[in-house]
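S.K.: We have chain A already, so just place chain B on it with the hints.
If you're matching them up, the sequences are chains A and B in order.
Position one of the first sequence corresponds to residue 0 (numbering that gives the first Met the number 0), numbered consecutively onward.
Position one of the second sequence corresponds to residue 0 (numbering that gives the first Met the number 0), numbered consecutively onward.
No lab work stands behind these hints, which were simulated from the structure alone.
Certain hints may be false.
Which chain B residues face chain A? A few, computed with CB under 10 Å, are given here [as the list claims (entries may be wrong)]:
| hint | residue |
| --- | --- |
| 1 | C30 |
| 2 | D37 |
| 3 | H41 |
| 4 | W48 |
| 5 | L51 |
| 6 | A70 |
| 7 | D82 |
List time: in silico DSBU-like cross-link candidates among lysine-lysine, alpha-carbon distance up to 30 Å [stated by the list, open to error]:
| hint | chain 1 | residue 1 | chain 2 | residue 2 |
| --- | --- | --- | --- | --- |
| 8 | B | K15 | A | K330 |
| 9 | A | K472 | A | K330 |
| 10 | A | K519 | A | K507 |
| 11 | A | K507 | B | K86 |
| 12 | B | K15 | A | K472 |
| 13 | B | K86 | A | K330 |
| 14 | A | K530 | A | K519 |
| 15 | B | K20 | B | K71 |
| 16 | B | K20 | A | K472 |
| 17 | B | K86 | B | K71 |
| 18 | A | K66 | A | K169 |
| 19 | B | K20 | A | K334 |
| 20 | A | K519 | A | K532 |
| 21 | B | K71 | A | K472 |
| 22 | A | K334 | B | K15 |
If we take Cβ atoms under 7 Å as the criterion, some of the chain B residues that face chain A in the derived model are [stated by the list, open to error]:
| hint | residue |
| --- | --- |
| 23 | G62 |
| 24 | C63 |
| 25 | V64 |
| 26 | W72 |
| 27 | L77 |
| 28 | E81 |
For glycine and all other residues, C-beta sits at the position ideal for the given N, C-alpha and C.
What follows is the residue order along each chain.
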Amino acid sequence: MWMLEIPPFLPFFIGALIAAISRGALRNVLMVATPIVSALHLWMIPEGIHLQFPFLDYQLTPYRVDKLSLMFGYVFHIAAFIGIIYALHVRDTLQQVAAMLYAGSGLGAVFAGDLLTLFIFWELLAFTSVFLIWARRTQRSYNAGMRYLIIQVLSGVILLIGTLFYVHEKGTLAFSFIGLEGIAGWLIFIAFGIKCAFPIAHNWLTDAYPEATVTGTVFLSAFTTKVAVYALARAYPGTELLVYIGAAMTCFPIFFAVIENDLRRVLAYSLINQVGFMVVGIGIGTALAINGAVSHAFNDVIFKGLLFMSMGAVLHMTGRINGSDLGGLYKTMPKTTVLCIVGAASISAFPLFSGFVSKSMVMSAAVENGYDWIWLMLLFASAGVFHHAGIKIPYFAFFAHDSGIRANDPPNNMLLAMFIAAVLCIAIGVYPSALYALLPYDTGYNPYDATHVLAQTQLLFFSALAFVWLNLKGLYPPELRSTNLDVDWAYRRAFPSAIQSTFSVIWKADHAIRQAFLVKLHQSLAFLARKNKGISNLLSHTYPAGSMVMWVAVILATYLILSFIR
Amino acid sequence: MENNKLPVDNTSFFDKPNNVKRVLHSLYGCCALLLLLDFVIHRHVAHNWENLWGFYPLYGFVGCVILVVVAKWMRTFLMRSEDYYEKGEADSDKMPRGNKNNTELGYHDVDA
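Chain A extracted, bound-state conformation (with noise of 0.2 Å):
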């Protein structure tokens, strides 16, 4: 047996290694065969701690594995297969390096055992991935990714900061459940959100992720978001306030989806509207809502890859992203279209396709625990997912007026690995029970009963009326080649202009402070200089100070001569 065990960020760290030096076709087998060796590898690993040593008074356990972390672990690496596949044409070795490195990252996040570990791991995912950011090199993306990086390693610092305490408080660093108790609890908990995308601490990820290259960002889609849901399903399930947050992460991005422009920016807002499922689903803590949680995760990583993907090919084949320069392009891009509306049906939860069969286990969870506000957002939010990505995204980009492109559909690659990813999202949903099988839990849920499917499927089918309506009636917002303010207003413009009046104002008071006292002591200097004068000729500042520098020079000659004499 070749039993030996490798903890999965390993392979992903030498196939990096490898697409810094090879080149070529040869790259590409290579890059393609490192997620499938190590998923082989994984698939063969039993539970358990396969790693651990001492290091201090402490222990670390680099890797850990049971079936919380498999899950995502096995998601992360179909997540690394499509993205590097759908990366092949790329020629530039910084982002196949970074990609791979970053993968790698979110995997060794996900196996560790320790917080300390965990810690590492969480600071490479930022270094690592912001370099897909700046591979677009242009100015926009090289100050979205600086901004980015310092939100992202601004939680790396908290996370170490809540270790320490924790360490201090609970005398062991093993990352296991932690909950909202003591300044550790709370600590970590604000570096997980950080990372997860808590409302007001989300802006990172619309402002930077649309900012990424084609590739890069079908990466970021995967692996960031979705290591920080699971930390939170590891150590804070049951948390009753992270269902308001869920509930709140849900519903607020679906109106700046709404009326956003950029389409890879609508995705990022559903994104963070996706993860607020998991997030509920976290918080109700039930085996069902952490199964529903995880699940969900899973699913996402999926087809929110596969909508990045196609509106990547979009921006790929044409050079715009915008939705008021796109339409129309079902003509041309017929492959890319079917593809993209696979990806919407299934983030708008369609029944048979796979954002049904684990969302619909957060909203059931959430209603039996008597959630009935909560459910009530969650519906809202499944509407209006259904609304922006569902419908916008296809209609915009491939519909709607034509904008006269004819951009053809993308190079073979980038359709396999969109094709990939579209067949494992029916795959799911038809036959969800091979998900299920993988879950922490064992629930015996079974989502396709007449009730779920009638109501979900009445919702979803009266959004898309709705849409028409509103469209038929002229109500709906067209798309405006326009900013929207959102949080990041706050440290892009209130603060630094905050900041500039703040210290104008302080300059100038410096400036007359100083002033004041400048005037002040050469006034006492003359008043002095004065009164010397009046004392003595010797002591005016008018005597010269060529008298004093030479009678300085003799005392220091008859110093010397006297030395001699000893």
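M.R.: Same frame as chain A, now just chain B:
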């Protein structure tokens, strides 16, 4: 990548108003059918509101209309010009490389 703008042909599926009409009519048909199914299929409900006739259809429709109306209203105070932030972040000397000439509005840079 430059768009290859060919002469617009009006032979595609959705260029014919009849086809659009057909799609819309089938949507209306599906909606009506789904409403009627409410009478036929017995729900095992978890919540009282689910017992109301047409709860889900109504919620979906009204929810979406409210969503759009509110979002439209949000535009009145959230919308700025496309280069709103660029005007403030004019430190272009930090630019790593290239692409200063692509200042056309709506232009999106495509990586290799």
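S.K.: Between K334(A) and K15(B), is the straight-line Cα distance small enough, at 30 Å or below?
M.R.: Holds, because 21 Å separates the two Cα atoms, which is no more than 30 Å.
S.K.: Compare the distance between the alpha carbons of K530(A) and K519(A) with 30 Å, and conclude whether the hinted pair is satisfied.
M.R.: Judged against 30 Å, a Cα distance of about 17 Å means the pair holds.
S.K.: Identify whether the interface hint at A70(B) stands, where standing means a beta carbon of chain A within less than 10 Å of its own.
M.R.: holds (4 Å)
S.K.: Interface hint check: C63(B), Cβ to nearest Cβ on chain A, cutoff 7 Å. Holds or violated?
M.R.: It holds, given that the least Cβ distance between C63(B) and chain A is near 4 Å, below 7 Å.
S.K.: Take a quick look at whether K519(A) and K532(A) sit within 30 Å of each other, Cα to Cα.
M.R.: holds (20 Å)
S.K.: Going by Cβ atoms only, is E81(B) closer than 7 Å to chain A?
M.R.: Holds, about 5 Å.
S.K.: Going straight from one Cα to the other, do K20(B) and K71(B) come out at no more than 30 Å?
M.R.: The hint holds at about 27 Å.
S.K.: Is the Cα-Cα distance between K15(B) and K330(A) 30 Å or less?
M.R.: holds (13 Å)
S.K.: Please verify whether K86(B) and K71(B) have alpha carbons no more than 30 Å apart.
M.R.: Holds, because 25 Å separates the two Cα atoms, which is no more than 30 Å.
S.K.: When the nearest CB of chain A is found for C30(B), is that gap smaller than 10 Å?
M.R.: holds (5 Å)
S.K.: Should the hint that L77(B) touches chain A count as held when the rule is a Cβ pair under 7 Å?
M.R.: holds (5 Å)
S.K.: Given the hinted pair K519(A) and K507(A), is their Cα-Cα distance within 30 Å?
M.R.: Given that 30 Å is the threshold and the Cα spacing comes to 18 Å, the pair holds.
The structure fails to meet hints 5, 13 and 26 from the earlier list, while all remaining hints are met.
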